[in-house]
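Spelled out, the chains give:
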Amino acid sequence: MKLEMRQKLAREPFADKIRKVGQLIRLAKTFPRRPAKPQVIAK
Amino acid sequence: MAKNPASDNLPLADVLRAANELVAEKLMQDWALGGALAAIYYVEPFMTYGADIFFIPADKGFTAGIPAIYAYLQARGWQAEGEHLLIGGFPVQFLAAHGLTEEAVREAERIDYEGVPAKIFPAEYIVAIAASVGRAKDKARIEQLLQQADLDKTKLENILQRHKLKLPVL
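Protein chains in written order, with this note's numbering: chain L, 83 to 125; chain D, 9 to 178.
If you're looking for bench data, these hints aren't it; they were derived computationally from the structure.
The beta-carbon is built from N, C-alpha and C at its ideal position, and this holds for glycine as well.
Any given hint could be a false lead.
Listed below are the simulated DSS-like cross-link pairs for lysine-lysine, each with C-alpha atoms no more than 25 Å apart in a straight line [claimed, not checked]:
1) D/K161 with L/K90
2) L/K102 with D/K145
3) D/K161 with D/K147
Where chain L lies over chain D, by a calculated footprint (3+ residues, C-beta under 8 Å) [what the hints assert, rightly or not]:
4) 39-51
5) 54-63
6) 114-128
7) 165-171
Here chain L stands alone, though its shape is the one from the complex (with noise of 0.2 Å):
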């Protein structure tokens, strides 16, 4: 994301931000990261 998006997010209302935290937070949830495939060491 470009630098200035960030800084524009950066000045969102604190509660809005929050609210975001939250979402992230839901979706986290629902779409656990899968763990890593064991690295296959080339012989």
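With chain L's structure known, arrange chain D on it following the hints.
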């Protein structure tokens, strides 16, 4: 546009209200929101799993009064899970402040969050604390704050000098 579902709302106002109650009950002297949620006050929102409340203990003993704080909140429906207390499934950590973090509590900025008076670490102290911890995520936090927060550079330099800290190479 559809409104956010209620499940998206973090119970932050409840956390801040409870911290104020703990002061009123003389279970702590003072407190401020620190950690990732405090950083989010100054920068773009990012993923974090809990709230960190730094407090100046009323009980100067070894436990800093943490058992009494846990007992008080558990009696009000909070659940203990390891070093966290959960409110509505949201983890909150109560951390006794000392040194740099105690100074950050004393210098904290007063805010109003959804009608609840609260205190939050100043951005310069979040940078200094991150510099003192030095993990990869702390470096990322410093970079974010330097780019996005309106930092008082003189104040930051003063804090770093007094606590013999240096900003990491980013």
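Tested hints:
For the suggested pair D/K161 and L/K90, the alpha carbons sit about 21 Å apart, so the restraint of at most 25 Å is met. Only pairs whose Cα atoms come within 25 Å are accepted, and L/K102 paired with D/K145 is accepted, the gap being roughly 20 Å. Distance restraint check for D/K161 and D/K147: the Cα-Cα separation of roughly 17 Å lies within the 25 Å cut-off, and the hinted pair is therefore satisfied. Three residues within the 8 Å Cβ limit are the bar, and the stretch 39-51 of chain D against chain L gives 5, so the coverage statement holds.
With 4 residues carrying a beta carbon less than 8 Å from a beta carbon of chain L, the stretch 54-63 of chain D meets the three-residue requirement, and the given coverage holds. Counting residues of the stretch 114-128 of chain D whose beta carbon lies closer than 8 Å to any beta carbon of chain L gives 3, which reaches the threshold of three, so the coverage claim holds. Given a C-beta distance limit of less than 8 Å, the hint that chain L covers the stretch 165-171 of chain D is violated, as 0 residues qualify and 3 are needed.
Violated hint: 7 only; the structure is consistent with all others.
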